[in-house]
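Engineer: Sequence:
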Amino acid sequence: MNLILNETVLLSLFFYSLGLAKLVVIGFHKKMIPFIGTYAVIVGGIIWLTELKWLLMGGFVFMIIVGFYAIWSISRSMSQCIADIKEAKASEKRGNNHDNN
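Numbering (my numbering), first residue to last: 1 to 101.
The hints are simulated quantities; they were obtained by calculation from the structure and are not laboratory data. Please read these numbers as outputs of a predicted model, since none were measured by experiment. The beta carbon of each residue, even a glycine, is placed where N, CA and C say it ideally should be. Possibly wrong hints are sitting among the right ones.
[Said to hold, decoys possible] Cβ pair distances, simulated, as ranges: (1) Leu20 - Lys89: 36 to 44 Å; (2) Ala90 - Thr38: 38 to 46 Å; (3) Leu11 - Gly37: 19 to 27 Å; (4) His29 - Ser79: 32 to 40 Å; (5) Ala88 - Gly27: 21 to 29 Å; (6) Lys93 - Lys31: 32 to 40 Å.
Produce the entire structure from the sequences given, and follow the hints as far as they go.
Structural biologist: Structure follows, in structure tokens:
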């Protein structure tokens with residue numbers, strides 16, 4: 001392999017690794033496997049039909065997509081946590097009112 005090709009492959013592997021590391025940190029669900037497989041097939045087809053530079057772009061796009069998923073997952077968990085705290089406070093308030101009566 002020439003130097004440019006080697007750097008492109010290593011950099012794209014770096015981006016794919018970052019994306020997979022994000023998935024591991026936020027929690028990997030089995031329902032995500034078909035989406036990752038579909039993405040891999042699409043990127044593989046584009047690379048096969050065009051040039052290898054799209055491997056780098058595919059890794060970068062994968063990292064960005066996983067980043068958006070991480071933000072969505074964290075915000076969903078935070079909103080659920082806030083809703084649970086509000087429900088606990090409301091339940092505690094109702095419990096205190098029943099004790100006073």
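Engineer: If you check the beta carbons of His29 and Ser79, does the distance land in 32 to 40 Å?
Structural biologist: The hint (32 to 40 Å, Cβ to Cβ) is violated, given that His29 and Ser79 are roughly 18 Å apart.
Engineer: Please check whether Ala90 and Thr38 have a Cβ separation lying inside 38 to 46 Å.
Structural biologist: 43 Å, holds
Engineer: Taking the Cβ atom of Leu11 and the Cβ atom of Gly37, is their distance within the range 19 to 27 Å?
Structural biologist: 23 Å, holds
Engineer: May I ask you to test the hint 21 to 29 Å on the CB atoms belonging to Ala88 and Gly27?
Structural biologist: This hint holds: roughly 24 Å between Cβ atoms.
Engineer: Measuring from beta carbon to beta carbon, are Lys93 and Lys31 in 32 to 40 Å?
Structural biologist: 38 Å Cβ-Cβ, so the 32 to 40 Å window holds.
Engineer: Can you let me know if the beta-carbon spacing of Leu20 and Lys89 is within 36 to 44 Å?
Structural biologist: 39 Å, holds
Hint 4 alone, counting from the list given before, is not met by this structure.
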